[in-house]
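Visitor: In order, the protein sequence lines correspond to chains A and B.
Read in this note's numbering, the first sequence has 23 at position 22, and its numbers run on one by one without any break.
Read in this note's numbering, the second sequence has 179 at position 32, and its numbers run on one by one without any break.
Watch out, some of these pointers could steer you wrong.
20 Å max Cα-Cα, derived DMTMM-like pairs, lysine to aspartate or glutamate [as the list claims (entries may be wrong)]: (1) Lys-172/A - Glu-152/B; (2) Lys-130/A - Glu-64/A; (3) Lys-170/A - Asp-181/B; (4) Lys-54/A - Glu-152/B; (5) Lys-185/B - Glu-171/A; (6) Lys-55/A - Asp-181/B; (7) Lys-169/A - Asp-303/B; (8) Lys-51/A - Asp-303/B; (9) Lys-51/A - Glu-70/A; (10) Lys-170/A - Asp-182/B; (11) Lys-54/A - Asp-78/A; (12) Lys-50/A - Glu-152/B; (13) Lys-72/A - Glu-94/A; (14) Lys-177/B - Glu-171/A; (15) Lys-55/A - Asp-303/B; (16) Lys-50/A - Glu-68/A.
Quick caveat, the hints were computed from the structure, so don't treat them as lab data.
Take a look at the letters that make up each chain.
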Amino acid sequence: MRVIILFLLPIFIYAHSLSVTASYENKELFIESFYGDGNPCKGCFFRVKKDDKKVFQGNLDHEGVFEQEVKLTAPFDVHINGGMGHWADVIIEGNEMGEESDVTNSTNTMMNSIDETKIRQIIRSELNKQNTKIESLIEKNKSNTEKMLIGLGYILGIFGLWQLFARKKEK
Amino acid sequence: MHISEGVLSAGVIATSTVVLAPLIINSIRKLHPDDVSKVALLSALFFVVSTIHLPLGVTSVHFMLLGIIGIMLGWHSFTALLIALLLQAMLIGFGGISSLSANTLNTGIGALTGFYLFKLLKDRLPTIVVSFLVGFVPILVASVGIAVALLFSSEDFLIVAQTALIAHLPLAVVEGIMMVFLFKTLQKYQIKGLNI
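Make a model of the complete structure from these sequences and hints.
Guide: Dropping the structure here:
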């Protein structure tokens, strides 16, 4: 019994998987990365790859965030290296709403002095950032214990099937 | 302790795969159905303990318990570790598919060292010394393996390789001490087939 407790006890100690969320809007690249226990990936190195070629690289800040104007063309991959074997990837797809920049403000005569398209872009960019932060919070709340239990389930399944076939073969 | 995806050179990946493949095939062919559950248990043990990282300065290390895996599984350690490392790479993002063979080989050699160390020393030295060494040495062997794999991939990894070695020294000591207590417990309950 003691042995079992000794083996299972570490499940309740925090674990370090790495998660990443990112967005690219109006040439602004936003990346946030954190470990399974919610700690930010401080100063972690990241690479932006397009068609397997490095197009940009940098480091996250002490809050595990990178936010800067960068000239990139979506789609591209963001690869974070959390050190000592931890890594995470995220794919930024092409901007589906990009075409909206063609919308004109001819219907709204009251807003002649303001560029409606510009306002739309700013709102979209801010909403996108907020969405990324919400996604990041949801990811943080996902328990690493859950992933471990899934892994244990796989192990049980793989070796269970193995034993089943081995026994059948023996007969 | 896991080597990340995309870090190793093609030569190191190919070499480690070529070396590992016969070991895995041999293990699968020779594994008796009665031992499958033991391999599953220790694969699960490694999967859980190596997912838990302990902060150590600017980096972090994790337990591996290679000594006990080696003693209980011998050459079958490679199969147990391969499954655990594959699932870690796919589910949690530790290590990687391209570095799977190198990671399995390093940890497997560590476990095998524990197995032969135990066989060689169990009747020659006091249990407390043997158990400590069985916990301590496999970690050192595995970290040397990691360092070698990194150095063969690129000379730029010299500092990373040195860090991997130094960071695992305290872990090796902790695992050695853990193994002393584990041996005492296992001896007390005289678990069948363990022969401790």
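Visitor: Each of the hints needs a verdict: does it hold here or not?
Guide: Hint by hint, here is what the structure shows:
1. Restraint check for Lys-172/A and Glu-152/B: not satisfied, since their Cα atoms lie roughly 42 Å apart, outside the 20 Å limit.
2. Restraint check for Lys-130/A and Glu-64/A: satisfied, since their Cα atoms lie roughly 16 Å apart, inside the 20 Å limit.
3. Between Lys-170/A and Asp-181/B the CA atoms are separated by roughly 13 Å; this keeps the pair inside 20 Å, and the hint holds.
4. Our distance criterion of 20 Å between C-alpha atoms is met by Lys-54/A and Glu-152/B, whose separation comes to about 16 Å.
5. Only pairs whose Cα atoms come within 20 Å are accepted, and Lys-185/B paired with Glu-171/A is accepted, the gap being roughly 18 Å.
6. Under the criterion of a C-alpha separation no larger than 20 Å, the hint pairing Lys-55/A with Asp-181/B is inconsistent with the structure, at around 50 Å.
7. Proposed proximity of Lys-169/A and Asp-303/B is contradicted: the alpha carbons are some 51 Å apart, above 20 Å.
8. A C-alpha spacing of about 24 Å is found between Lys-51/A and Asp-303/B, which places the hinted pair above 20 Å, so the restraint is violated.
9. Distance check on the hinted pair: Lys-51/A and Glu-70/A sit about 17 Å apart at the alpha-carbon level, within 20 Å; holds.
10. For a cut-off of 20 Å, the pair hint linking Lys-170/A to Asp-182/B stands: about 15 Å separates their Cα positions.
11. Taking the CA atoms of Lys-54/A and Asp-78/A, the gap is about 10 Å. The hint holds against a cut of 20 Å.
12. With a C-alpha separation of about 14 Å, the suggested pairing of Lys-50/A with Glu-152/B holds against the 20 Å cut-off.
13. The suggested pairing of Lys-72/A with Glu-94/A holds, with an alpha-carbon distance near 15 Å, which does not exceed 20 Å.
14. For the proposed pair Lys-177/B and Glu-171/A, the alpha carbon gap of about 13 Å is at most 20 Å, so the pair holds.
15. Our distance criterion of 20 Å between C-alpha atoms is met by Lys-55/A and Asp-303/B, whose separation comes to about 18 Å.
16. Note on Lys-50/A and Glu-68/A: the hinted pairing holds, with a Cα-Cα distance of about 17 Å set against a maximum of 20 Å.
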